[in-house]
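2 protein chains.
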Amino acid sequence: MARIYNFNAGPAVLPVEVLEEAQADLVDYKGSGMSVMEMSHRGKEYEAIHEEATANLKTLLGLDDTFSVLFLQGGASLQFAMIPMNFLGAGQVADYVNSGNWGASAIKQARLIGTVAIAADCEKDVPTRVPGVEELKLTPGAAYLHLTSNETISGAQWKRFPVCDTPLVADMSSDILSRPFDAGAFSLIYAGAQKNLGPSGVTVVAIRMD
Amino acid sequence: MARIYNFNAGPAVLPVEVLEEAQADLVDYKGSGMSVMEMSHRGKEYEAIHEEATANLKTLLGLDDTFSVLFLQGGASLQFAMIPMNFLGAGQVADYVNSGNWGASAIKQARLIGTVAIAADCEKDVPTRVPGVEELKLTPGAAYLHLTSNETISGAQWKRFPVCDTPLVADMSSDILSRPFDAGAFSLIYAGAQKNLGPSGVTVVAIRMD
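Protein chains in written order, with the numbering used here: chain A, 1 to 210; chain B, 1 to 210.
Worth flagging that the hints you see were computed from the coordinates, not collected in a lab.
From a predicted model like this one, the values you see are computed outputs, not experimental measurements.
A few of these clues could be false.
Note that identical chains are pooled: a pair holds if it fits in a single copy or bridges any two copies.
Said to hold, decoys possible - Derived SDA-like pairs (lysine to any residue); straight-line CA-CA distance at most 20 Å:
#1 K30 / E20
#2 K30 / Q109
#3 K124 / L72
#4 K44 / S200
#5 K58 / Q92
#6 K30 / V18
#7 K44 / A9
#8 K108 / M85
#9 K137 / R111
#10 K137 / G201
#11 K159 / A48
#12 K108 / N86
#13 K58 / L177
#14 K137 / N8
#15 K137 / L60
#16 K30 / E17
#17 K58 / G141
#18 K30 / A2
#19 K30 / L19
#20 K30 / H41
#21 K108 / M82
#22 K124 / D165
Extracted from the complex, chain A is given alone in its bound form (with noise of 0.2 Å):
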């Protein structure tokens, strides 16, 4: 079978041994006689593929049990609101870097929640940039720093993250897992799964339980 690689935006192509593995079991899940998708999602047999993935994924982010894993729905851009209903409260702050249309998309739904403050601004910088640690002007008390870990479209990535005792939530849709980077100094790490870790229709994150 000659394979197409997609390259484009969207879907991103998945390891042939995992599609082959899924297609094996889709009618009868390991003999349970049923497929995945017609299983209570309180029964064994998907409990068990849940808290497989989930264990997975923590050992390949280094996360202990200090942090929860989450598969939700609605794309890394529903989490742009649910982040700032969660934790964004009144009467206080959240801290956002603008370095492009994902982050400013972001900023865009949190500030219909709450009162957002702009850490630095590189969304329109030519060439395309994030920002230095040392440029970011953090609020003191702020309820959390959001990044985004890598702009797709105008291209731009963080090579360093900040150090700060703001709690960091970071979007990492498109390059988490491409790299090492210490996942424990975030408090809240969010990406669709379809880039990097899988089919699209799941978000993953990964927070910190306090």
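We have chain A; now place chain B onto it with these hints.
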């Protein structure tokens, strides 16, 4: 192969021939060299799948081109919020029928967004029931009237739907396509796919364009 038929809450049985077709195409979709999970959501192969599914559902529901069909995420439960967010504006009232657990859940979300009037309340009635059409207290000029076609937990199903000037909105997750009905009399029908339409992970919204 001994098939297990899952009748629990949550995902339900799918036709084996549908699963087998999905399985056959999973690694190499109709000779495209890609899995459907690897394709661009803007590509012609995926667009054709989308158009066929939309057209098939419109045919089954007897809907014409005054309706659009959307395939969304977040379950029918996210529609509990999305519907008032989109259609319950400031200064407006939405009428809701509380006929059980699902109706009450829809009301709870709508009250976070805007003003809700209870057109009928049978939630605690024993034996469980839905209200008669003549019992409904409708608000003149209401943004919409929301009902749950079948309350699965308590067990109560509408046999005859209201006919009124208020735009009708229905959660039909558990009985859509299980019986003929006049879908064109509704302004918005939504249903989690996992009971009667397809695998979990997709929510169908059929909406009148005006």
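Checking an output row: K44 and A9, CA cutoff 20 Å. Within, between, both or neither? between (36 Å within a copy, 14 Å between copies)
Between the shortest in-copy and the shortest cross-copy C-alpha distance, which are at most 20 Å for K124 and L72: within, between, both, or neither? The answer is neither: 32 Å in one copy and 33 Å across copies each exceed 20 Å.
If the cutoff is 20 Å on CA atoms, where do K108 and N86 land: within, between, both or neither? Let me know, please. both (16 Å within a copy, 18 Å between copies)
Within, between, both or neither: K159, A48 at alpha-carbon 20 Å: The answer is neither: 36 Å in one copy and 40 Å across copies each exceed 20 Å.
How would you classify K137 and L60 at a CA-CA limit of 20 Å: within, between, both, or neither? neither (32 Å within a copy, 57 Å between copies)
Within, between, both or neither: how does the pair K58, Q92 come out at a Cα-Cα threshold of 20 Å? Result: close neither inside a copy nor across copies, 30 Å intra and 47 Å inter.
Within, between, both or neither: K108, M85 at alpha-carbon 20 Å: both (13 Å within a copy, 17 Å between copies)
Have a look at K137 and N8 and pick one of within, between, both or neither, based on CA distance no larger than 20 Å. Classified as neither; 35 Å inside a copy, 53 Å across copies.
Homo-oligomer pair classification [L177, K58; C-alpha up to 20 Å]: Within one copy only: 11 Å inside a chain, 41 Å across chains, cut-off 20 Å.
Could you place K58 and G141 in one of the four classes (within, between, both, neither) given a Cα distance threshold of 20 Å? neither (29 Å within a copy, 53 Å between copies)
Reference check for the pair K30 and E20, CA-CA at most 20 Å: within, between, both, or neither? Classified as both; 14 Å inside a copy, 15 Å across copies.
Status of M82 relative to K108 across identical chains (alpha carbons, at most 20 Å): both (13 Å within a copy, 18 Å between copies)
Of the hints listed earlier, those the structure fails to meet are numbers 2, 3, 5, 10, 11, 14, 15, 17, 22, in rising order.
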